[in-house]
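Participant: All chains, full assembly: derive it from the sequences and hints.
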Amino acid sequence: KETLAENIQAIVMDIEMTGVLKIDFRHDIDDESLSPGKKVTLFRIVQEQLKNILKHSQASEAGITIQTNQEFVQLRISDNGKGFDPQQTRQGIGLSNIHERTQFYNGTVCVQASAGMGCILTVKIPVSEQL
6 KETLAENIQA
16 IVMDIEMTGV
26 LKIDFRHDID
36 DESLSPGKKV
46 TLFRIVQEQL
56 KNILKHSQAS
66 EAGITIQTNQ
76 EFVQLRISDN
86 GKGFDPQQTR
96 QGIGLSNIHE
106 RTQFYNGTVC
116 VQASAGMGCI
126 LTVKIPVSEQ
136 L
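Reading the sequence shown from the start, the letters are residues 6 to 136 in my numbering.
Keep in mind the hints are simulated off the structure, nothing from the lab.
The beta carbon of each residue, even a glycine, is placed where N, CA and C say it ideally should be.
A few of these clues could be false.
No farther apart than 27 Å at their CA atoms in a straight line, the calculated lysine-lysine pairs in the BS3-like style are these [unchecked claim]:
1. K27 x K87
2. K27 x K129
3. K44 x K129
4. K60 x K87
5. K56 x K27
6. K56 x K129
With beta-carbon atoms standing in for the labels, derived distance ranges [said to hold, decoys possible]:
7. T70 x M22: 18 to 24 Å
8. D90 x S133: 31 to 37 Å
9. K56 x E7: 16 to 22 Å
Facilitator: So this is what it looks like as structure tokens:
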């Protein structure tokens, strides 16, 4: 049974093999403290956002960081792509999926992006609630 980190590492390696995007993945995931549902959700969000980056951003580099503490697991995905104006961008299916998945666990999503500056997606999900 693979851990969340191993599953994410596998996608990272697949994408890096295409040579399109270089990804820096750092984590201190405590698999024990996360419910199976939350692990699936975090994995899907990583997949979804990497798909967004590959499809829209023209980025050459991306970073994925997952940190857990007693209260929250925080996932941060950044890229050096062309960015976008969050006010102007229609909430694409990718981002609305990420919002829905996060809200299911009473988490928060923050998208920092501006034209020419890439994008930073930050998702925080409470660890304690057993869903």
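Participant: Among all the numbered hints in the text so far, which are the ones the structure does not match?
Facilitator: none
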